[in-house]
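2 protein chains.
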Amino acid sequence: MAKPQTRTYSRYTQNALALLANQIREGRIAANFTAEALAQRAGISRSLLQRIEKGDPGCAIGAVFEVAAILGIPLFEADSKILSTRLAYSNEKQALLPRAVRPSGKAVKDDF
Amino acid sequence: MAKPQTRTYSRYTQNALALLANQIREGRIAANFTAEALAQRAGISRSLLQRIEKGDPGCAIGAVFEVAAILGIPLFEADSKILSTRLAYSNEKQALLPRAVRPSGKAVKDDF
DNA sequence: TATTATTGGCTCATAAACAACCCATATGAC
DNA sequence: GTCATATGGGTTGTTTATGAGCCAATAATA
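These protein sequences, in sequence, are chains A and B. Numbering (our numbering) for the first sequence: 1465 to 1576. Numbering (our numbering) for the second sequence: 1465 to 1576.
Check the hints yourself; a few may be wrong.
When chains are identical, the list treats them as one kind, so a pair holds in a single copy or across two.
[Stated by the list, open to error] Heads up, simulated BS3-like pairs for lysine-lysine below, C-alpha to C-alpha not over 27 Å straight-line: (1) K1518 with K1557; (2) K1545 with K1518; (3) K1545 with K1557.
Hints are computed from structural coordinates only; laboratory data are not their basis.
When you get a sec, could you build the whole thing from the sequences and use the hints?
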């Protein structure tokens, strides 16, 4: 009972995936890393890295982020320190939110 | 012959995953979306959305990005227009890069 | 040009992701 | 408090991702 098979992606998602993939490839070349070498560092196979550099939506997000991290590509445009600060803030905020949502009659936001 | 089994992640990757997960959950609640409702919009199951909101590194990056896109969470801190502009620029840059890397003697960058 | 290594693109076997249910609990509205 | 439902967490079976290996083509250097 698992059939993602044909999953669709918004243009925004497609572009974001493509951009991240490009940054990874550019970063690898800039850092003078062989695909094999980078894959090894990230603890993944070369074939997976190839798919990552092609922007395959099916790749595990952990693997993609790890490769990006190794190359020093800033996720969220934030360095290590800022990221953890934002995370801490986010966690506090989380605690204040309601835990269940009651859909209020109608739709809310559909524009992006 | 597939055994990711025990994959390790840098702190940076872990934080980035957690932050994105938090933003998604916060965004869903802010938009007054039920988990079920959001999952349907994204074309995924509720159980997958739950894993996404917990920051599971094994989730497909396409699914995560799509959910983020629906909620209007800016990936790369960029809106739709800026994102496509950056992608176009990145593609041009890509064409100018060498296609194969010759590892020059020693290591390069290991600090991030 | 010759040489060597990187890369792209396959196949295959296996581990993992995913969807569809289920139930129990907690939550929000009344 | 009562009620309806959203959520957390677990299970199951199928689909998919992943690692390993291989080969051909390509690209980088001498």
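Right, here's what the structure says about each hint:
1. K1518 with K1557: Between copies only: 15 Å across, 36 Å inside.
2. K1545 with K1518: Intra 29 Å, inter 22 Å, cutoff 27 Å: inter-copy only.
3. K1545 with K1557: Classified as within: same-chain Cα gap 19 Å, cross-chain 29 Å, threshold 27 Å.
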